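As you go down the protein sequences, you meet chains A and B in turn. The first sequence begins at 1 in our numbering and counts up one residue at a time. The second sequence begins at 1 in our numbering and counts up one residue at a time.
These are computed hints drawn from the structure, not numbers from a lab. Here the structure is a predicted model, which is why all the values come from computation and not from measurement. For each residue, glycine too, the CB sits at the ideal point set by N, CA and C. Check each hint, because a few of them may be wrong.
Below, a list of computed lysine-lysine pairs in the BS3-like style, where the Cα atoms sit at most 30 angstroms apart [said to hold, decoys possible]: (1) B:Lys418 with A:Lys70; (2) A:Lys60 with A:Lys70; (3) A:Lys82 with A:Lys50; (4) A:Lys60 with B:Lys182; (5) A:Lys56 with B:Lys426.
Derived contacts from chain A toward chain B, CB cut-off under 8 angstroms, selection only [what the hints assert, rightly or not]: (6) Trp25; (7) Asp57; (8) Lys60; (9) Leu64; (10) Ile66; (11) Leu68; (12) Phe73; (13) Ile83; (14) Lys132; (15) Phe179; (16) Leu266.
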Amino acid sequence: MGSFNFLVNRLFDGIFYLFISLNPWVAMIVVCLLTGIFILLIFRYTSNQKGIREAKDKIKAHFLEIRLFKDDFRLMIRAQGKILRYNLVYMKHSLKPMMIMILPLVIVLIQLNFRFGFRPLQLEERVIVRVKLSEALPLRSMGISLKAPEGLEVEKPPMRIESLHEVQWRLRAKEPGEFELRVRVGEKLFTKIVTVSDELCQLSPRKVSRSFFQEFLYPSEPPLPSNSPVSFIEVKYPARNLNLGGWNIHWLIVFFVLSIAFGFSLKGMLKVEV
Amino acid sequence: MKLLSRTKIIVVGTGLLLLGFPSFSEAYIGPGAGFAFLTSFLILFLTFIMAFFSLISWPFRFLFRSLRRKKVYARGKYTRLVIVGLDGMDPSLTEQMMSQGKLPNFAHLKKEGTFAPLRTTFPAISPVAWSSFLTGVTPARHNIFDFLSRDPKTYLPDLSSARIGRPSRTFPLGKYLIPLSKPEITLLRKSKPFWNILADEGVFSTILRVPITFPPERLSWGFLLSAMCIPDLRGSQGTFSFYSTDPKRVGKYTAGVLLPITINKDKINTFIIGPNNSLTKESKELKLSLTITLNRNEEKAHFQVGGQRFTLAQGQYSDWVRLTFKPGLGLKVRGICRFLITQFSPHFELYVTPINIDPEKPALPISYPFIYSVYLSKLLGSYATLGLPEDTWALNEGVIDDRSFLEQSYLIHDERRKMLLNALEKTRRGLVVCVFDTTDRIQHMFWRYMDHGHPAMRGKSPEVDEDVIEELYRRMDNLIGEIMERIGEDDLLIVVSDHGFKSFRRGVNLNSWLYMNGYLSLKSGEESREWFRDVDWNNTRAYALGLGGIYLNIKGRESQGIVQPGSEAQHLKEELVSKLSGLKDEKNGKLAINEVFDTSSLYSGPYLHNAPDLIVGYNEGYRASWDGVTGKVNQTVFEDNVKKWSGDHCIDPRLVPGVFFCNSKINAPEPRLIDIAPTALDAFGISPPPYMDGRALIDFSEKGKARRSK
Numbered sequence: 001m002g003s004f005n006f007l008v009n010r011l012f013d014g015i016f017y018l019f020i021s022l023n024p025w026v027a028m029i030v031v032c033l034l035t036g037i038f039i040l041l042i043f044r045y046t047s048n049q050k051g052i053r054e055a056k057d058k059i060k061a062h063f064l065e066i067r068l069f070k071d072d073f074r075l076m077i078r079a080q081g082k083i084l085r086y087n088l089v090y091m092k093h094s095l096k097p098m099m100i101m102i103l104p105l106v107i108v109l110i111q112l113n114f115r116f117g118f119r120p121l122q123l124e125e126r127v128i129v130r131v132k133l134s135e136a137l138p139l140r141s142m143g144i145s146l147k148a149p150e151g152l153e154v155e156k157p158p159m160r161i162e163s164l165h166e167v168q169w170r171l172r173a174k175e176p177g178e179f180e181l182r183v184r185v186g187e188k189l190f191t192k193i194v195t196v197s198d199e200l201c202q203l204s205p206r207k208v209s210r211s212f213f214q215e216f217l218y219p220s221e222p223p224l225p226s227n228s229p230v231s232f233i234e235v236k237y238p239a240r241n242l243n244l245g246g247w248n249i250h251w252l253i254v255f256f257v258l259s260i261a262f263g264f265s266l267k268g269m270l271k272v273e274v
Numbered sequence: 001m002k003l004l005s006r007t008k009i010i011v012v013g014t015g016l017l018l019l020g021f022p023s024f025s026e027a028y029i030g031p032g033a034g035f036a037f038l039t040s041f042l043i044l045f046l047t048f049i050m051a052f053f054s055l056i057s058w059p060f061r062f063l064f065r066s067l068r069r070k071k072v073y074a075r076g077k078y079t080r081l082v083i084v085g086l087d088g089m090d091p092s093l094t095e096q097m098m099s100q101g102k103l104p105n106f107a108h109l110k111k112e113g114t115f116a117p118l119r120t121t122f123p124a125i126s127p128v129a130w131s132s133f134l135t136g137v138t139p140a141r142h143n144i145f146d147f148l149s150r151d152p153k154t155y156l157p158d159l160s161s162a163r164i165g166r167p168s169r170t171f172p173l174g175k176y177l178i179p180l181s182k183p184e185i186t187l188l189r190k191s192k193p194f195w196n197i198l199a200d201e202g203v204f205s206t207i208l209r210v211p212i213t214f215p216p217e218r219l220s221w222g223f224l225l226s227a228m229c230i231p232d233l234r235g236s237q238g239t240f241s242f243y244s245t246d247p248k249r250v251g252k253y254t255a256g257v258l259l260p261i262t263i264n265k266d267k268i269n270t271f272i273i274g275p276n277n278s279l280t281k282e283s284k285e286l287k288l289s290l291t292i293t294l295n296r297n298e299e300k301a302h303f304q305v306g307g308q309r310f311t312l313a314q315g316q317y318s319d320w321v322r323l324t325f326k327p328g329l330g331l332k333v334r335g336i337c338r339f340l341i342t343q344f345s346p347h348f349e350l351y352v353t354p355i356n357i358d359p360e361k362p363a364l365p366i367s368y369p370f371i372y373s374v375y376l377s378k379l380l381g382s383y384a385t386l387g388l389p390e391d392t393w394a395l396n397e398g399v400i401d402d403r404s405f406l407e408q409s410y411l412i413h414d415e416r417r418k419m420l421l422n423a424l425e426k427t428r429r430g431l432v433v434c435v436f437d438t439t440d441r442i443q444h445m446f447w448r449y450m451d452h453g454h455p456a457m458r459g460k461s462p463e464v465d466e467d468v469i470e471e472l473y474r475r476m477d478n479l480i481g482e483i484m485e486r487i488g489e490d491d492l493l494i495v496v497s498d499h500g501f502k503s504f505r506r507g508v509n510l511n512s513w514l515y516m517n518g519y520l521s522l523k524s525g526e527e528s529r530e531w532f533r534d535v536d537w538n539n540t541r542a543y544a545l546g547l548g549g550i551y552l553n554i555k556g557r558e559s560q561g562i563v564q565p566g567s568e569a570q571h572l573k574e575e576l577v578s579k580l581s582g583l584k585d586e587k588n589g590k591l592a593i594n595e596v597f598d599t600s601s602l603y604s605g606p607y608l609h610n611a612p613d614l615i616v617g618y619n620e621g622y623r624a625s626w627d628g629v630t631g632k633v634n635q636t637v638f639e640d641n642v643k644k645w646s647g648d649h650c651i652d653p654r655l656v657p658g659v660f661f662c663n664s665k666i667n668a669p670e671p672r673l674i675d676i677a678p679t680a681l682d683a684f685g686i687s688p689p690p691y692m693d694g695r696a697l698i699d700f701s702e703k704g705k706a707r708r709s710k
């Protein structure tokens with residue numbers, strides 16, 4: 001999984017390389033355009049294009065039928081029934097490309113989530129760091145400590161929450177850069193990346209223990225070692241929203257709208273029936 | 001095994017991921033499935049909106065229509081009238097095959113109702129006959145006398161039923177000519193179709209492919225799909241394209257163009273010729289690139305045209321292929337055509353049908369309402385829209401063979417059949433009319449199989465089953481069977497043909513006869529090229545144009561007329577009638593012309609002045625020769641017809657009546673084509689207007705009483 005994540009991370013780093021200093025909208029538009037094209041191509045080569053075209057034609061025909069035979073109640077109702085029937089046929093034809101698209105799209109969305117879903121810390125900004133233990137250990141008697149490098153400052157003593165098996169610290173960002181926190185739990189030492197920046201970059205909000213699903217969902221940082229007493233180390237980065245005329249919009253909505261808009265506008269050019 | 005379990009884990013895991021992490025699941029619905037879901041949702045949304053408004057507004061519409069229809073359906077004798085036109089179906093052949101038990105459905109109709117020969121029009125030509133069918137009047141009232149009419153200024157032929165012209169006003173902008181007005185599309189047929197009268201009275205009509213309905217006329221209640229005279233995308237009445245690597249094939253093809261091609265490493269790069277670009281000053285032909293890649297091992301070819309790809313084997317028709325031509329300014333002109341590889345080796349040859357107007361996005365209106373053609377295309381698939389879609393000239397010119405022509409004809413027939421069955425399903429009350437042309441086209445091209453000794457078959461043997469025409473009639477019988485299954489007690493079914501059929505063995509060039517008998521003069525030499533190019537009009541008194549008409553060169557009517565109207569013209573007519581009636585074939589002594597008719601004695605009406613002065617009634621076996629029809633003049637009056645177009649009906653109309661079948665008895669011993677329109681009106685209790693020349697055929701009084709008592 002580590003190699004896979006490494007490759008995917010580098011691929012997306014490459015794509016985002018040109019946009020790190022630009023407004024996130026630019027990167028979002030480009031990513032949506034690429035995604036739209038990617039999805040269209042998958043649709044084109046994996047779907048039953050003829051079947052989709054026929055189902056859509058039938059749907060359109062029955063819409064026209066409603067208009068043409070607007071005085072014939074029975075025909076109108078039948079036409080509406082047929083529209084629903086062919087809509088199901090259309091959905092059936094779309095199922096295969098949808099299934100094929102699931103995995104690559106989830107990968108894309110995970111990558112985008114750690115670039116558009118959160119923003120890095122800014123100077124003088126404060127953030128909570130959580131260390132969650134995997135089992136009920138004596139938090140107070142155990143030696144659990146956090147060491148921040150220069151550029152970050154641990155502001156207060158740790159807060160131990162026994163019931164949640166977790167310890168929290170509050171950090172303050174003093175300098176821009178990518179820093180490595182050192183967390184000691186008993187004899188064991190763990191690290192966690194914290195980013196202080198103005199740029200659009202991949203963040204790692206959570207460093208997780210070694211597991212297929214956890215690594216798949218949190219690919220930004222290599223996992224914690226096996227048999228670690230720590231379940232995860234989390235930096236609670238602020239959420240990033242895309243601003244449009246004073247409105248803060250969740251990146252997922254923008255992605256949804258734009259990628260579909262690009263897809264629909266390019267389907268004629270790429271000769272794809274969707 | 002390990003790999004399989006790992007794959008399973010990934011698949012199951014992905015599924016769990018989607019279920020377990022709502023944010024990703026939600027996102028997954030995003031772009032990929034979004035296409036499908038969004039489209040489906042839109043469809044559902046629109047369906048519900050339409051359903052809602054339909055339900056809300058339906059009672060009001062129902063009330064309005066009911067009040068309007070109440071009278072007409074109450075006084076009507078039938079709920080529905082279905083008229084099926086089988087162009088050119090011959091009564092003698094039908095009778096013969098019925099007696100042999102080959103046409104059980106027709107025989108059933110005859111037994112339960114009526115079968116009779118149907119008197120056709122003078123002349124017995126489809127556009128004339130169908131115009132009389134739909135208007136109930138003789139040609140002098142509907143203005144159609146032939147396929148062609150002539151321009152008295154230029155003596156050149158025009159299409160008789162429709163005029164399609166460019167926009168009258170344009171604005172030059174660079175290389176473009178921006179149209180400021182609509183292009184002229186005028187229907188030249190006069191008088192009112194009976195379905196328009198019915199619609200105005202509140203009877204719903206579905207009219208499918210009845211000839212001489214282009215451009216489509218407005219119908220106050222119903223739908224109409226036009227037919228004969230709809231041009232192809234190039235503006236012609238059907239121009240096929242023929243591609244060949246054989247240099248020997250280079251030549252002139254009637255109604256077609258030859259495009260020589262070369263093969264380079266099993267690849268052919270050529271183009272499809274589209275319409276002229278009327279948007280530009282140069283008005284050049286629009287072209288679409290066509291790439292053909294040959295697979296010699298499998299004897300297949302892969303086609304790439306307009307972004308579409310398909311593969312064909314020899315002798316296999318493609319589906320309708322959509323072509324989009326771009327004349328500029330973002331405009332698009334769309335057409336459809338079929339491809340057929342006629343030969344793979346030694347020379348590669350490809351036939352492309354005329355580019356039909358795409359019914360889904362028609363460049364010209366071909367239906368009323370406009371969306372009706374779109375509806376049919378979406379519901380039933382693409383279909384031929386050209387006026388005469390069966391490519392008889394491609395067969396005549398040897399570009400396609402008998403089998404391919406038959407296949408093409410039956411593909412078109414099946415499209416029409418589906419349209420009719422759909423119309424029968426959707427039109428539960430009112431009128432349904434549909435005309436099938438297959439009968440006409442196949443008999444034209446395959447009569448030689450039946451007529452042993454036909455010049456076109458000399459030294460040749462049939463390429464397909466000899467009983468082509470019998471098979472055709474059987475198929476029509478099956479069609480009638482399908483229709484009868486959908487006909488109820490309160491439905492009146494009428495099956496008609498516009499004329500019958502006879503053999504066309506010998507052609508008569510009337511222009512040559514007129515020349516040799518001193519009625520037509522040439523400027524020099526002893527021959528004239530096509531369309532009278534070498535005719536000396538200042539010394540010509542008469543000329544023949546079209547399939548059965550002779551025009552006098554009347555002073556004041558024709559631009560270079562020399563015959564004084566009145567007594568001189570009358571005297572000339574009588575002279576020609578006397579000399580041509582009973583004209584015998586110089587080769588075999590057979591009677592070639594039964595009688596020549598003075599048109600003014602045949603019928604009267606406001607458009608009589610546009611009619612030919614004389615109509616020639618050829619005898620069985622004869623017809624206007626190919627050269628004569630196109631205005632060629634030479635020393636040959638009689639010649640063998642060696643073309644595959646071997647059957648015809650452009651002869652003495654008394655020899656080629658049509659058929660009349662009805663599921664009701666009629667009270668007229670000799671029904672006529674002009675009687676159908678008044679019969680249709682009468683079936684719905686509407687009195688035929690006085691200008692109609694026909695009269696109702698059926699005494700509906702008993703039926704009416706029975707319905708009312710019900």
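Taking the hints in turn, this is what the structure says about them:
no.	hint	result
1	B:Lys418 with A:Lys70	22 angstroms, holds
2	A:Lys60 with A:Lys70	15 angstroms, holds
3	A:Lys82 with A:Lys50	19 angstroms, holds
4	A:Lys60 with B:Lys182	28 angstroms, holds
5	A:Lys56 with B:Lys426	21 angstroms, holds
6	Trp25	17 angstroms, violated
7	Asp57	4 angstroms, holds
8	Lys60	5 angstroms, holds
9	Leu64	4 angstroms, holds
10	Ile66	5 angstroms, holds
11	Leu68	6 angstroms, holds
12	Phe73	5 angstroms, holds
13	Ile83	5 angstroms, holds
14	Lys132	18 angstroms, violated
15	Phe179	28 angstroms, violated
16	Leu266	11 angstroms, violated
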